[in-house]
Amino acid sequence: MSTWEDDESSSAAAAATTDVDLLKRAWRKEKASPEILRFDSPLVSRVREQIQLLEETLDDFAESGVDDLVVSLYQMDLDRTLFLLRSYLRLRLQKIEKYMMHISKSEDLLSRLSQQEQRFAKSCTEMMEKHLEQSVLSKLPYGYDSVTRQSLSSTEDDMVPEPQLDTFVFCKTKSDVGAFQLDDIGEEVVDLVADDLYVLRYKSIKGLVENGQIDLI
Amino acid sequence: MAGQSDPHLSIFSPSEVEFVAEDEIVEIVPNIRMEALNMICGDFGPFFPQIASKVPLWLAVALKKRGKCTIRTPDWMTVDRLTQVLDAERESPKEFQPLPFHYIEISKLLFDHARDDISDAYLVRSLIEDIRDVRFHKVETGLETISGRTHAVKLKNLSAMEVNIVRPFMVRTLQAFYKHDSPQMIQQADNIGSRPTPVTDRGPRRDLRRR
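Protein chains in written order, with full-length UniProt numbering: chain V, 1 to 217; chain B, 1 to 211.
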């Protein structure tokens, strides 16, 4: 039985060196996490470059009459990478659209977005505010006309959708993390060893996700 | 399946899980000569007739569809190995046996596209189905043991597709228990006097299922 694990880990280690693999990991994490994660600009631009390069190579192939089979295989590789990149970018846009006001409020969250995403979040928020203002809020009585608060008596922004960080996520450890405290009080401790699969509360493992010690699946 | 109406709980579609599985490496024996492929997802080949080579599953299936290779059945997909796994699955009611993370998707793709390359294909297929059934039964019994004191669930060796199927149930159950068990909820209940459980009386909550 050990051979399976060896095979798996060695192939995973070899594959982890490609940018596509890194992007795939980022895509999975982004899908599984309730909040928006940090955008890896260098990685995305590297993948974009490789896509462009392959597109040019494919054009050259068409001219020089390379075997159809080879061309179709490269085309598949290109399509797979394009799918991954598009899905990743769309996924982030969906999250931004959903939590735009929440994101716009926090410098930390804003800094996780790429420049284009920041522009998108900004214009999206402005449009939404304008729309709400014109269609509903301007017709409501004084005290109830805030975009972010139910009424003047609200002590916090209670009309801003926020990601639910309390939710549970499936995660897999890459290497030994050791005893890990699940809540602030320190009552819950799990011992995370390599290759374990756990269902845990996102909030408590947030740090591990951000520094890459744990993968969401 | 329940939960699929809520797109936030089933976050991966089955075809997306399969997409990920298609990057797993398998061994092929080509019957053609072909230059090395320097792809975005890695470098493979060069290929020579009758010389085994390692490629991602999607590439293997593409070549197989065009009749350019045979795919070697992975070691774990043999009758001997799978019989061992099935026995072990049945013997240990609380543990999952180690199988490749994408065993369901890999075997499905191989059955769909390279059935003639698998020896005892019929038997292998029914063994894999049996293994799936036994494992799902364990997952289902595991779900029953979740309670308000569950803060973490350990599911070592659960595979990708199994995770994906159980995710909506698991997440929703845990969330519901977590919500009702949270101090605010209990406090609120106290205030309206319907549930006189003092918060301080609640002991340390830790109920990890041992795997």
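Honestly, I wouldn't trust all of these hints.
Claimed, not checked - Calculated cross-link-like contacts (lysine-lysine; reagent style DSS-like; alpha-carbon spacing at most 25 Å):
| # | chain 1 | residue 1 | chain 2 | residue 2 |
| --- | --- | --- | --- | --- |
| 1 | V | LYS31 | B | LYS54 |
| 2 | B | LYS94 | B | LYS68 |
| 3 | V | LYS31 | V | LYS98 |
| 4 | B | LYS179 | V | LYS203 |
None of these hints come from the bench; they were simulated from the model.
Each hint tested on the structure:
{"no.": "1", "hint": "V:LYS31 / B:LYS54", "verdict": "29 Å, violated"}
{"no.": "2", "hint": "B:LYS94 / B:LYS68", "verdict": "44 Å, violated"}
{"no.": "3", "hint": "V:LYS31 / V:LYS98", "verdict": "14 Å, holds"}
{"no.": "4", "hint": "B:LYS179 / V:LYS203", "verdict": "14 Å, holds"}
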